[in-house]
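Number of protein chains: 2
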Amino acid sequence: MSTTKPTIKDIAKRLGVSVATVSKALNGYSDVNKQTKARVLALVEKLNFIPNQQAINFRKKSSSLIGLVLPQINHFYFSILAEQVIGFAEKDNINVVIKPTFENLKKEIMALKDLIKQNVDGILISLSNETRNPTHLIETHKMGIPIVEFDRISKLSPLDKVTTRDKEAAYKAVQHLIDRGKKTIAHLRGPLLSQNFVDRFLGYKSAIEEAKLIYDEALVIQIQPNSLEGAKQAFLKLFKKRPDIDAVFAVTDITAVGALEALKENAVKVPAQVSVVGFSNWQLSSLVSPKLTTIDQNPYLMAKAAYALLKRNMSNKESDAKQVIRIKTDLIIRESS
Amino acid sequence: MSTTKPTIKDIAKRLGVSVATVSKALNGYSDVNKQTKARVLALVEKLNFIPNQQAINFRKKSSSLIGLVLPQINHFYFSILAEQVIGFAEKDNINVVIKPTFENLKKEIMALKDLIKQNVDGILISLSNETRNPTHLIETHKMGIPIVEFDRISKLSPLDKVTTRDKEAAYKAVQHLIDRGKKTIAHLRGPLLSQNFVDRFLGYKSAIEEAKLIYDEALVIQIQPNSLEGAKQAFLKLFKKRPDIDAVFAVTDITAVGALEALKENAVKVPAQVSVVGFSNWQLSSLVSPKLTTIDQNPYLMAKAAYALLKRNMSNKESDAKQVIRIKTDLIIRESS
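Line order of the protein sequences matches chains A and B. Residue 283 in numbering that gives the first Met the number 0 sits at position 284 of the first sequence, and the numbers go up by one each step. Residue 194 in numbering that gives the first Met the number 0 sits at position 195 of the second sequence, and the numbers go up by one each step.
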């Protein structure tokens with residue numbers, strides 16, 4: 000290529016003034032001759048000159064970047080969170096580096112190292128299902144990097160956090176099934192390590208117990224929260240052993256769809272014989288037949304709260320008293336219940 | 000916070016040596032005393048010191064960043080492309096800033112400006128449906144920033160490009176419907192501005208014509224490629240006027256699902272009475288009932304080729320003869336055809 004991006008030096012050279020003068024003119028200092036300032040601005044306009052953010056940042060020791068660490072991008076809920084966070088950051092002229100971990104702790108640790116190296120001004124992180132110990136978060140924070148956990152958080156870390164009211168949401172979902180007259184409610188639960196999945200299980204259990212129904216361990220099976228086929232096979236087995244099941248509360252929409260497919264295969268009528276409720280209000284939940292009752296997690300509110308906390312911490316207003324913000328959920332009743 | 004990220008200065012100070020010595024020790028120069036080097040490395044290890052990439056980059060005039068401009072992130076296909084590009088970039092210690100445009104040309108232009116400001120080393124861009132004129136791409140490239148278009152490309156720009164063999168794929172999809180004995184095949188087409196959607200229409204038309212069927216303009220309607228409800232309503236109208244339609248080729252999976260819902264509402268048997276084929280092999284295509292026949296676009300190959308071209312261009316090996324790489328597709332036959 001023959002042309003390259005013009006620099007502040009090029010502009011100074013072409014106008015026969017110093018680099019400092021150009022810089023002052025661009026930054027609105029008053030000690031620059033008005034005529035010179037006008038010439039600088041005209042040439043800047045003509046050359047379509049954009050000041051190099053990296054040079055500016057190097058001076059102000061900011062990178063205008065934040066990091067966003069997520070279990071996945073190809074995921075209905077996390078991709079909405081990513082879009083929302085980017086939207087809020089753009090209003091502050093901040094760009095977002097996204098690091099997916101694919102539910103892998105080693106990748107999560109590497110992601111934090113990469114972001115520290117990149118000198119990001121702050122980090123938003125949603126933990127992998129493998130993450131038990133938050134040492135890597137605490138170490139990153141000790142280096143002076145503002146960090147806020149969101150959605151998948153650790154109970155063990157002393158950081159600011161934003162999460163879903165999972166227990167309350169699960170309680171609401173199961174209460175709804177009980178209101179529909181269901182008595183033998185199975186739960187497809189997620190891995191034991193993710194606090195969200197634990198809380199959803201606790202919400203299920205407490206709704207059952209408060210309704211004076213019998214909590215039966217045999218009705219709770221653990222499945223992979225992203226695997227439709229896994230959930231389908233697991234529920235087929237469970238339903239064979241326990242044909243008295245009259246409702247299913249699944250930890251995610253995709254596993255709820257797995258249960259729907261298992262019921263379809265057994266020619267069981269939904270919701271008349273068995274009702275099904277999912278979690279997260281993925282697009283697919285309104286596309287399957289019957290349309291799935293589910294919990295909406297309000298990702299806009301989640302992203303807004305997480306970004307606001309991070310921004311406060313980046314402005315050195317981080318307080319020692321850490322906050323945990325819990326986002327409200329909505330029960331979306333559709334055809335499956 | 001009491002602790003902060005240690006700097007190279009802190010290390011020099013604690014060891015009573017110069018910053019230059021620490022830097023040389025870290026970078027493996029031979030003119031540093033072996034013992035000093037060992038002391039530096041031991042302290043670096045102890046403090047968990049990570050060299051500041053921004054300072055390194057400022058010296059080498061690279062940011063270790065590339066920009067990824069996409070129409071959406073909350074989109075099954077684009078989110079896979081994003082994950083793949085990030086995976087390839089990570090192997091080269093490059094981070095990825097993602098800028099969604101939400102199909103908005105103004106946002107696309109702003110995204111390029113933001114990325115130039117951030118001093119990214121290169122840009123991968125998939126155009127918005129609003130983008131007709133590629134001036135902003137050409138201007139960015141003239142500034143010396145390597146840029147590669149992928150998936151949604153412009154025919155008018157003199158840049159390296161990677162795209163799907165859309166015409167061939169659409170031809171294959173429609174040929175498959177013709178092989179099934181279908182004769183009155185409707186096409187739900189996308190906006191006129193996106194080359195991909197134009198090519199899918201051309202593939203449809205050429206399959207119809209080569210099979211000596213009659214190309215009938217009235218069977219082609221334009222819909223929003225991301226709107227299930229829009230496609231459903233549009234197809235309901237069309238099918239009322241033309242109940243002789245025996246197959247539908249839709250420009251995306253989500254609009255194909257719209258057609259499926261319209262047919263379900265009319266109690267039309269799929270595929271016996273009307274067959275439906277979509278495009279892109281979204282997850283939902285195998286979750287709906289009947290499962291949807293579709294085209295797989297091989298996003299892994301797309302991301303790999305686009306990143307490889309960008310990497311070549313970033314190594315100053317950009318050639319004047321621009322390349323257009325076209326990625327192969329696969330027809331995935333399921334229950335809807």
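No lab work stands behind these hints, which were simulated from the structure alone. Please note that the accuracy of each hint is not assured.
Intra- or inter-copy, both count: the list cannot distinguish identical chains.
Stated by the list, open to error - In silico PhoX-like links for lysine-lysine, alpha-carbon gap of 25 Å or less: (1) LYS310 to LYS116; (2) LYS45 to LYS106; (3) LYS106 to LYS240; (4) LYS90 to LYS106; (5) LYS45 to LYS112.
Verification of the supplied hints:
1. LYS310 to LYS116: both (20 Å within a copy, 21 Å between copies)
2. LYS45 to LYS106: between (45 Å within a copy, 22 Å between copies)
3. LYS106 to LYS240: neither (39 Å within a copy, 55 Å between copies)
4. LYS90 to LYS106: between (29 Å within a copy, 12 Å between copies)
5. LYS45 to LYS112: The answer is between: 16 Å across copies meets 25 Å, while 41 Å in one copy does not.
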